[in-house]
Each structure stands twice: as structure tokens, then as C-alpha cells.
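Going down the list, the sequences are from chains A and B. Take 0 as the starting number for the first sequence in numbering that gives the first Met the number 0 and just add one per residue. Take 0 as the starting number for the second sequence in numbering that gives the first Met the number 0 and just add one per residue.
Just so you know, these hints were derived from the structure itself, not from any lab. Note that this is a predicted model, so its numbers are computed, not measured. Treat the hints with caution; some may be incorrect.
Derived lysine to aspartate or glutamate pairs resembling EDC-like cross-links, with alpha carbons at most 20 angstroms apart [unchecked claim]:
id	chain 1	residue 1	chain 2	residue 2
1	B	Lys-293	A	Asp-252
2	B	Lys-332	B	Glu-285
3	A	Lys-229	B	Glu-302
4	A	Lys-244	A	Glu-260
5	A	Lys-244	B	Asp-738
6	B	Lys-79	A	Asp-437
7	A	Lys-410	A	Asp-180
8	A	Lys-190	B	Glu-749
9	B	Lys-335	B	Asp-322
10	A	Lys-244	B	Glu-770
11	A	Lys-244	B	Asp-215
12	B	Lys-712	B	Asp-631
13	B	Lys-755	A	Glu-237
14	A	Lys-229	B	Asp-322
15	A	Lys-244	B	Glu-749
16	A	Lys-229	B	Glu-94
17	B	Lys-135	A	Asp-437
18	A	Lys-229	B	Asp-386
19	B	Lys-174	B	Asp-162
20	B	Lys-369	B	Glu-406
21	B	Lys-353	B	Asp-386
22	A	Lys-190	B	Glu-756
23	B	Lys-174	B	Asp-215
24	A	Lys-244	B	Glu-756
25	B	Lys-79	A	Asp-442
26	B	Lys-79	B	Glu-94
27	A	Lys-123	A	Asp-437
A few chain A residues facing chain B, derived, Cβ under 8 angstroms [unchecked claim]:
id	residue
28	Pro-162
29	Pro-276
30	Pro-447
31	Ala-453
Where a beta carbon is used, it is the ideal one built from N, C-alpha and C, also for glycine.
Spelled out, the chains give:
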Amino acid sequence: MFSPTPDRIRMTARWSRRSFLEVGTALLGPMSLGPISLGLSDLLSTRSRAADPDTANSESPRNAASSKRKQKSIIVFWTHGGLSQQDTYDMKPDAPAEFRGPYQAIQTSVPDILLGERFPRQAKVMDKLSIVRSVHHQNGIHAPSAHWMQTGYFGPTLARNAPQKPSLGSVIARAKKVQGDLMPPYVTIPKAEAFGYQGSVYLGAAYNPFELNTDPNAGDFTVPNLSLPKGLAAASVEDRARLLKEFDTLRRDIDRSGSLEGLDGFKRQALELVTGPEVREAFDLAKEPPALRDRYGRHMYGQAALLARRLVEAGSACVTINTGYWDHHDNIEPGLEQHLPPLDAAIATLVEDLDTRGMLQDVVIYCAGEFGRTPLINGHAGRDHWANCFSVLLGGGGLAGGRIVGASEPKGGNVVERPVSPQDLLATIYHALDIPLDTHYPDATGRPVSIVGAGRPLRELS
Amino acid sequence: MIRRFTKSHLTALSTASIHALAMLAASIVFAGSISIATLYADDIRAVSNAPAAPATIYFATDVVPTLTRLGCNGGGCHGKATGQNGFRLSLLGYEPDVDYDAIVKEARGRRISHAVPRQSLLLLKATAQVPHGGGKRLDVDSPEHRVLHDWIAQGAAPPRANDPTLVRITITPDKFTFTRPNQSLALRVIGHYSNNVIRDITGTAVYQSNEPDIADIGENGVILSKDQSGLFAVMVRHGEQMAVFHGVVLNPPGMEPTADANPPSANPPSANTFLPVTFIDRLLIEHWKKMGIKPSALISDAEFLRRLSLDIRGTLPTTEELDRYVDDRATDKRLKVIDRMLESAEHASFFALKWADILRNRGAGYATSKQRQGTALFTGWIRDSIDRNLPYDQFATAILTASGSQEENPPTVWYRTVRTTQDYIESVAQAFLGVRIQCAQCHHHPAERWSQDDYYGLAAAFARVGRKGGFADAEVPTNETIYLASEGQLIHPRTGHAVPPRPLGGAAFALQSYDDPRRALARWMTAPDNPYFARTMANRTWAHFLGRGIVHPIDDFRSTNPPVIPELLDALAADFIAQRYDTRHLIRTICNSSVYSLSSIPNASNGSDQQSFARFYPKRLPAEVLLDAISDVLESPSRFSNVAGEFPAGTRAIELPDEAVPSQFLDVFGRPARNSACECERVSAPALGQTLALVSSNDIQQKLTTPNGYVDKLASAGPEYRTHVRSIFQRVFARPPRDSELQTAVVFLESQTDAKEGYRSLLWALLATNEFLFNH
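Looking at chain A on its own, in the form it has when it is part of the complex (with noise of 0.2 angstroms):
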């Protein structure tokens, strides 16, 4: 029988599911009861975050600098378009030329696993991060695959149709959702992406992202929203605040719906936020030190992973970073030059900060596009769509580092190991997130619609 010791829990594929079953019983202790127990729910849905000791944890000294954070946060790196798996984090050395690509193969941190030559620094911290090798859904079309790697649903089939489930940033917005704090609980960078399928649909308008709508690298860069527009003095905001206290005197009790309570809440917080100092103040990067920012990088990504960690710490629970657009299908070795290492600077370096914070149990970090690219490269020596098997990363917020989750083919291509759907990766990241899986929201018509469908979390993470 394997006996589970923490160094030794890689878990391959090659198990069977009954060994893993006993493996993951003997790691999640007294809340499971025999090996043919695993009773998910009760682990998921039962679990509270009181009882959390990964919450727990933020609560100790070694997290003062994190004390303001009431809640786990995830950042999402969105790579729009599709990133290549096997010039990242799936590489094929002893694969022909023609699937290898342009790419070596590096050694990481973690003896047996393999990054891209692009990908240096995330290979130090390697340790930290997993790799799941054996994602797959059954479209190859941008949208559709946006759609579904977003929200976990199958839902539009042509480009650009209308959203019809929420996203997993506004899903976590409305399940972390502290009423009264003034950080907007979820966050895009630069802006919304995804073919607009990073939006709350019919979690309504208060879970739709904050976005930015400015480069974080910008030298100049304010948030347009929360500064006041040219011409507009503070002195005058409060002015305005003080006027409206004398004449917003309608009466509270003609509504019951809620609906004007909420809007004074929110008139208040506004106001707080354009004039306060608390939340302007954690976006704003000159705050950092100036060597920290050269660290992650003086380009969007850099400067956007940074400014997604103060946001976390201030209180957001989701920020999903949009790394422009990877759709390389012709001469994909000059695009990805431009994307792979800018993109390895940020993540390793928030790897490292979160780390040095103390932070990294409390935050989940995710690279995740709307599918891979084709194993062979194709005539304009580029990769085309894939979705029947690519890699995603996945980190931090107590979720086990070190391990690979799946396998494809000797060359690519298909999963020959550990198939993992979109709804899986939401379980995991949410399970993460303490949220629980048994969660459902009404749609337009009032139907209760699960939020991970028929996923489960993945155990080799846990």
C-alpha cells in the first residue's frame, strides 16, 4: 500500500483511481471516513472558512501585513487568444522538430518537470506552481471557448454571441462579496476581455469587473474612474457631498425593494472612494519600491500583477489580468517573444512577493487561456486552435505546488492521461476559494444554476 509523505505526493496518473482515492482520504484526515467515502460535498460544501486553516493561518503574526485581507483572493492571468502548451508548460523535447517547435526545454526546481526556455524565472519557483497538462473541451472556436473556459458553460455557438453565464470572477465576486467594503471585489486589467464573456450576466450588474481602462505601466497612470475628472476640484466633491445630504431627503420608507437603501450605500461608498484615501491608495503602484516594480517588469504585465496583488490585499477577490492577445497562427515564435517573457516576470515575481508576504496560501494564481495551440506547427510556421488537450497553471491558495496533473500524447495532441474539463479547473479554483460547490444562482427565468456544473476539484492538488 503507498503511503502518503509529503515529498512524495506527485501524483501520476498511472494510479489507480482506488489508491488515489485512499491517498486523498488519508490527506484530507477526520472529514473523510473509508475509501469509499469521498464524499465530496460533505468536504465541500460543510467546509467553513472558520474552520479553514488556510484562513486561519492569515490571521497569525507572520501575516500582519496581509491582516486586512478578510478572505482568500485569486489572480487570474487571461491569456486571450490561446497560449501554446508545448512552448510553455507542456514541452515535447523528444517530440520531431515539427511538434517540438522553437522552443528548449528547461529544468525547473522540481526535478522531472519541464518549462520552455522562456520561462526562467517561473522554473525557480516551480516548487510553488502546478501545471494541469490534461485540459480539454470539445470547441475550437475563440468565443464558444472563451465562454466556457470563463464560465464552465458550453453556451454561445457563434463568435460574440451573448453571455449566458456568469463569470468566475463575478461568481467569486457575489460568493466573497463583503457588504460595505469599499474595494471593488473584482477587478479586470487592463479591461474586460473574453469576447465579453468576463461579465456577471444574470448575477446582475454589481458583479459585472471594475475595469481599469488604462495601462498600469502607463507613466501617468491614475484610474479613471477613481480620480476626478479635469476640472473638477476635490474642494468641489465636497461641495456636491454635503449639498446632496441636504437634499436627498426623499422618503425611505415609499420602497421596499431595496432598491434606494442600496443606491444611498452606494452613493456614500462613491463618494468615499473619489475622496477617501483607502482605496485610491491601493491603486496606487508608487506606493511600491521602485526596485520591486523593475522586478515584476515596467511593462502591463508587470506593473498589472503588482497593482492585482494590492488590490487582494486591500480586499478584492478576484483580479484577472488580460495579457493581450496570443493568437499566433502564423510565425508564432516572434509573438510569442513578445508575450512569454514579460509574462514569466510577473508571475514569478508574484510568486515570490506573495511568498514573501506571507500571502501566497491566500492567494490562487491562475494562467489560463481559452484553449492551447495545435502540436504541429503548421504551414506559416505558427499553431493553429486546440482545445482537445492544453495546460493551464495553477498555484498558490493552498493549492499543492510541484505537481503535474494529467499527461498528454507523446507529441501532443490528445490526453492519454487524467482528462480535466473547464468545470474541474472552476471546482478547483473555487474549492480553493472556500466556496462552496454545492452553490447554485437563479437565471433570468429563476432557474437554479450550479456553479461548477458537474465538476470536481482535483484531489492532486489538494
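Model the placement of chain B on the given structure of chain A, informed by the hints.
Quick look at chain B alone, frame taken from chain A:
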């Protein structure tokens, strides 16, 4: 987390609660003389003189409804398409054969133990004697446990065609009036079976209240009234049978409204008394009498004009219009002003906006530039139809039966967004017939009689819609030509047979091959005896003006969600039909009623009421109306960019052809994506983005600083502050300032060194008040 439907049957019913129920039933309501043969509920037998012989348990008739009640086959559990932990049941038990196989045959038969029925995994799991992901659902030896156990002990027989079935259920009592909060009433539910057995099934039925804030019901069948008065209905379901209980919670006499902690009222109640003007008023007076509530005071002429103008035209009344109306001494001035507004261009634009939402005239897509021409044509056609008051039956028919190109026949653009079976169902059933039958795509409606046959029969009317040509690059076909294809069928996914087009709940249309099935559908819909069409429109229009439907939500007509004042809905629909679907007549009738001019300020008797229309329910201004109102006040029109260049100067937000015209202000204030035919997609919920847009957006600041706008005019008009403040209040609130307000404003303006900035601050503060942001 909202799971209204399953919540009520999640927790296992304990024997103790059955006892309590039986006592309650005996003491409160049940004194009937029905002879009841209970099969398993010994505790009920005590009050029902039932024979003690154990009876046969049938899988489909007894076991499946028990699983439903216990929540086993809910959508969040084993009922979801993929099952749960390897055990899959049909959703809500609509396929007993599938369920039988899952329980008896799958998993190598280990779910059932014939040798020791009590040790069956099915029971051990459900009672959590072995760990169960869904927790403990029932107690050992509870009535539900006995059903499952006895069925196994009797041999776990499969469902058979000649098994007795539940034919109908009855509720005792089936209506009741509660006179106070916290009053309880135990229902008794009787099942009538095809083998003439009559049985008490109170303990195995499923219950749901449509207004849990008025009265809720526990899974033991006991209703409890709450603090809020009003009407409610309880759905009682057992297997596929359903019955409805109708309840009333009266306003408790002498209940005082909540104390007003706010500064002096903006709207002091007037002393006017309520006089019936229309049949609406007479019906409501009767209703209020029954409910023990009194209407609020009537509003002033100026308040009325603001309310009416915002509701009919989506536009604030001008100061001149206000003065003219207030000074008008004619006795029929109200009807005249209603008519004038109905004939205005703004009315056509505002209602075209509403209908373009419902009809999903969607501009966003791969190439808005390719779609804009079509959306503009369609919105223009809708606007023209409203402007010439096209009768509503012709309006609906023109859309549903549209053929041709978008230039020849703009309603064909409807078919651009509405293209799948699901789209057709939603856009026809929900938008025109007021029923939500989407769930019947996969299973029977859980709270209504609709089945898959209804669903696919209705959608089959569109099976011969042909499409050709058009810009189809990038997967968003636009500018298609719509025609009647010579053939086309809709295949029922379960039976594999073609489904003949048929109306909801009716027999298939008699069609020749050259008949357009859409015409048959439109004829059925618009026939005067159609039970849905006119009532849905009457209800929709009522909700537009009164802030809530008589059936609420407006597109959820069901026997289990009845109208609060059925006579009112019947009368409005009958009048609408008698007037040959004259929409303006319908609006005129509603707006001319005294009910429409009730104050929103509650009185001692109607404060807790939210459905009897005894006071006006305030509404947020829709995004487009709000933006236009701010533009009007500040005399600073918005500029909207078109696919090339801009819309003409002076274009109002309510005139935009589709939702893809960029405007962050409109988006944050709830402009819908036209993703649904449900008006609910336009959300009025407050959000931080909205108040941030008011406080710090460039949009608002630009309007405040626009050259030659209202601010500039005020600032250059000299220091007549009192006069200016009076006209500002008239313009913004349609009322003069109160003395204290006048004082505050004048003192503030006098203290300002920069007159313009002073007016900006004052105007901004007024535009950010709830009094401005709401129609009240």
C-alpha cells in the same frame, strides 16, 4: 445561494413532526369524513381510521415521489445530467424507468439488498449510516424510509404499465384567510389513485409558496403567515400531479407604518380622497376592502405630470408643460394630456426601446458595422408601428410571420438573433404568452403542466423558417432573407419522431404543405379567446406603469403563481380585446385611473403591502431615460458614436437603434445586452458603478461644464439666486423648493466665488438625489 424549489424538501421529515402535523391537522382544519387507506403513515392512521393492512408499494407511484421530496433527484444532486458520485437519477423523477435501472441494476446491484432490505446501500446512504455526500436525508423508520424499505422488501418491482397511478390530488382546505402574522394552518393533501384508493399524502408531497414573505410552508405542509399582508399561492405537488392552495394574509388592524426617521417629507400627503374614475378603480376598491387596507393620498397635478411624462415618454416634463397643465382648469385635462403624450415622438421612441429589448434587436457581435443597418431598420419599424398605433395583434403577427429581406420587411431582423429552438420558445412563449416553458425542453415543468410535447410542438411552428444570403462572415449572419422553406421538421429528441406544430396545450394545427405554420401560430395567439396573449400584454403594460405586474413576474403565468387581482387582469384583457388590441387605449385606461395617481407615501394600513397597488411603487429611471433627463436639465445633449461618425446632434438615448452604441453610463445603469426576451434583463438594482458614474465620470462633468448650457445661462443671469433656485427645482423635481431648501441653496450660492462652479455643485447634488433618480 437560492434554491427555492428544492429547499423545502431537503431535510428529512421526522416522525415527531408527523405527529405534530397530525395533531394540528386534527385540531385546526381537518374534520372531514373521507375514508383514507394509508399505506405507511401509521401516525396519520391514528386520525383517519384507516385499515392496517400493509399495501403494495409501486416504484413510479410511491418511490419516485419520495425521492423527489427528499431532494435526491434535484438538479444540484443525483438529478443533474452527470449524476452525483456515480449515481444518476432522472431530474425530478420524470423518467422512472431510468431511475429504476439506476437503483436496481447499476453499480452491480449493490444499491439494493434483497436479502436484508434494511442494509440496502440506498437506505444506508440516505440515512447517513454510511457516509453520504448529500448528508442525512431521512431517519430510519420515518415514513419515507418505510416507503423505500417496504418496496425493497416486497421485491423491488420495476415500474409496470398497469401499476396504479396518482390521478389527482386535493388539498383541504384549498383556500384560507389569515387574519394575523404568525398564524399557522396545516394542509391535508389527499391522493386519488387509479385503483380507487384514496390516501393521505401530506407527508410525501412537495410544497412551495410563491410569496414566502407573505406566507411560507414547511415540508410538513404547515403554512405560517408572515408580517407582510397580501395574497399568496402554495403549489402542492406529488409526482406529476399538482394542486394549488390560495391564501390571503389580511392587514392586521391598527398596524402602524414604520416611523419615518428621515427629514421632513418631500411629498406631504394631500388631503384628496380617492374617487373611482375607471373600472380599475372600482375593482381595486373592492380588493382593498377585502384586504383591510386603504389607498394612499392622491398626488398633485405637477407630481402626476412628472410621473406620466416619465412613464409614457421617458422624458421629463418641461417647466412650461408643468405650468400649462397645473393652470389648466378643464375637467378632462388629464385625458387630454395623456393623449398628447401618447402622440409624441418621444413616446414612440421610448416604447420602441422597450420592445427592441424584448425582441432582442441586438447590435453587438462580430461586426456591429454590418448589423447596425438591420437594427436601425427594425427599431425604426417598431417606432413607426407605435407611432401609428398598430394594433398589438397585427404587431405580433407581423414579427412572427415575417418573410423577405430587412429592407423590404424590417421585422425579419427579429430572426437574426432569434434562431434556435430555445430562442423561439423564449421569444414566443415568454414574451408574447407570458409563460416560461424553457424547462420543458428537458423535463416537465416542475410547477405547471407543460411537457416536452408542448415545448417542441410550439417550436415546430418555426421548423420551416428558411434563411438565405446575408453577410455570414465570422459566424454572425446579418441581412439574411427569411422565407418559408418547402420542408423542415423538428425532431423530438427523446422519441426521434417529427413533432407537428401545435399551440400550447392544444391539438396540432391543421396544415397543408403550402401553409406557413407561423401563420397558424399567430392566428391562434391573436384569437380573442386565446387565454395568454391579451392578458400578457395587459399585465406587461400594467407593470410598466404601476411598477409590478398583476401576475408577478410578468412573464411567469402559472396556476401556481396566480394573479393577485384576477378580476382586474380579466377586465383589462377583455377591454383590450374589445378595443381590438388598441395599445394606446390600454395605456389611456391605466393612466386615467385614480390608482395611477396614488402617492408612493404609505399610510397606516398599506405600508407592508407590496402587491395591492394601494400606493405607488417607486421605480428607478431606466438608464436611457436618466441620461436624457440629465441632458435636458443641463441643456447638454449627449453625443453617441455610430459605426462611422456620430449619430446626429440631439439624438436622445431612448432613440438609439441598439444596445451596441457605446456608452459606459448606459451600461452601468442597466442597459440590457438584449440577450433575453425577458424584461427582467433590464436590471434596476443599484451598483457602485452607477454612483461612481455620477460622482466622478467625465460624462457628467462634461455635461456640467458644457458651453452655453444651463450652468452658463444661470451664471450669466445675475445674482437673482432665489428666482434661479426656484426654476432649478421646477426643472429637476417638478416642484418648488421648500423654504429650508431654498435657504440652503441660496446661502450656498452666495458663498461661492465662482458662480458657475456653485451652480454645478448645486445641480449635481440635485441630480444625485433619489427624488431625481426615481419615478415616485
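How the hints compare with the structure:
With a C-alpha separation of about 17 angstroms, the suggested pair B:Lys-293 and A:Asp-252 falls inside the 20 angstroms cut-off, and the hint holds. Restraint check: the Cα-Cα separation between B:Lys-332 and B:Glu-285 comes to about 27 angstroms, which exceeds 20 angstroms; the hinted pair is violated. Using a Cα cut-off of 20 angstroms, the hinted pair A:Lys-229 and B:Glu-302 is violated, with the two alpha carbons roughly 37 angstroms apart. For the hint linking A:Lys-244 to A:Glu-260, the alpha-carbon distance of about 14 angstroms falls within 20 angstroms, and the restraint holds.
Under the criterion of a C-alpha separation no larger than 20 angstroms, the hint pairing A:Lys-244 with B:Asp-738 is consistent with the structure, at around 16 angstroms. Our distance criterion of 20 angstroms between C-alpha atoms is met by B:Lys-79 and A:Asp-437, whose separation comes to about 12 angstroms. In summary, the hint linking A:Lys-410 to A:Asp-180 is not supported, as the alpha carbons are separated by about 49 angstroms, beyond the 20 angstroms threshold. Proximity of A:Lys-190 to B:Glu-749 is assessed by CA-CA distance (about 43 angstroms); at most 20 angstroms being required, the pair is judged violated.
For the given pair, B:Lys-335 sits about 15 angstroms from B:Asp-322 by alpha-carbon distance, which is consistent with the 20 angstroms threshold. Taken as a hint, the A:Lys-244 and B:Glu-770 pair is honoured in the structure, with Cα atoms around 12 angstroms apart against an allowance of 20 angstroms. Between A:Lys-244 and B:Asp-215 the CA atoms are separated by roughly 39 angstroms; this puts the pair beyond 20 angstroms, and the hint is violated. Straight-line distance between C-alpha atoms of B:Lys-712 and B:Asp-631 comes to about 14 angstroms, which keeps the hinted pair within the 20 angstroms bound.
Among the hinted pairs, B:Lys-755 with A:Glu-237 is consistent with the structure: their alpha-carbon atoms are about 16 angstroms apart, no more than 20 angstroms. Pair hint A:Lys-229 plus B:Asp-322 does not hold up; C-alpha atoms about 38 angstroms apart against a cutoff of 20 angstroms. As the CA atoms of A:Lys-244 and B:Glu-749 are separated by approximately 19 angstroms, the hinted pair is consistent with the 20 angstroms bound. Distance check on the hinted pair: A:Lys-229 and B:Glu-94 sit about 64 angstroms apart at the alpha-carbon level, beyond 20 angstroms; violated.
This hinted pair checks out: B:Lys-135 and A:Asp-437 have alpha carbons roughly 16 angstroms apart, not beyond 20 angstroms. Simply put, A:Lys-229 and B:Asp-386 have alpha-carbon atoms about 42 angstroms apart, too far for the 20 angstroms limit, and the pair is violated. A distance of roughly 32 angstroms separates the Cα atoms of B:Lys-174 and B:Asp-162; the hinted pair therefore is violated under the 20 angstroms criterion. Between B:Lys-369 and B:Glu-406, the direct Cα distance comes to roughly 14 angstroms. Compliance with the 20 angstroms bound is thereby established for this hinted pair.
Proximity of B:Lys-353 to B:Asp-386 is assessed by CA-CA distance (about 14 angstroms); at most 20 angstroms being required, the pair is judged to hold. At roughly 33 angstroms between alpha-carbon atoms, A:Lys-190 and B:Glu-756 are farther apart than 20 angstroms, so this suggested pair is violated. Using a Cα cut-off of 20 angstroms, the hinted pair B:Lys-174 and B:Asp-215 holds, with the two alpha carbons roughly 14 angstroms apart. Between A:Lys-244 and B:Glu-756 the CA atoms are separated by roughly 18 angstroms; this keeps the pair inside 20 angstroms, and the hint holds.
A threshold of 20 angstroms between alpha carbons decides the hint, and for B:Lys-79 with A:Asp-442 the separation of about 16 angstroms falls inside it, so the pair holds. Only pairs whose Cα atoms come within 20 angstroms are accepted, and B:Lys-79 paired with B:Glu-94 is accepted, the gap being roughly 13 angstroms. Restraint check: the Cα-Cα separation between A:Lys-123 and A:Asp-437 comes to about 37 angstroms, which exceeds 20 angstroms; the hinted pair is violated. Satisfaction of the interface hint for A:Pro-162 is found here, the shortest Cβ-Cβ separation to chain B being roughly 7 angstroms, below the 8 angstroms cut-off.
The beta carbon of A:Pro-276 is not positioned within 8 angstroms of any beta carbon in chain B (closest approach about 15 angstroms), and the interface hint is therefore violated. Given hint, A:Pro-447 at the interface with chain B, holds; its Cβ is 5 angstroms from that chain's nearest Cβ, closer than 8 angstroms. Taking 8 angstroms as the C-beta cut-off, the interface hint given for A:Ala-453 holds, the closest approach to chain B being about 4 angstroms.
Hint check: violations occur at hints 2, 3, 7, 8, 11, 14, 16, 18, 19, 22, 27, 29; the rest are consistent with the structure.
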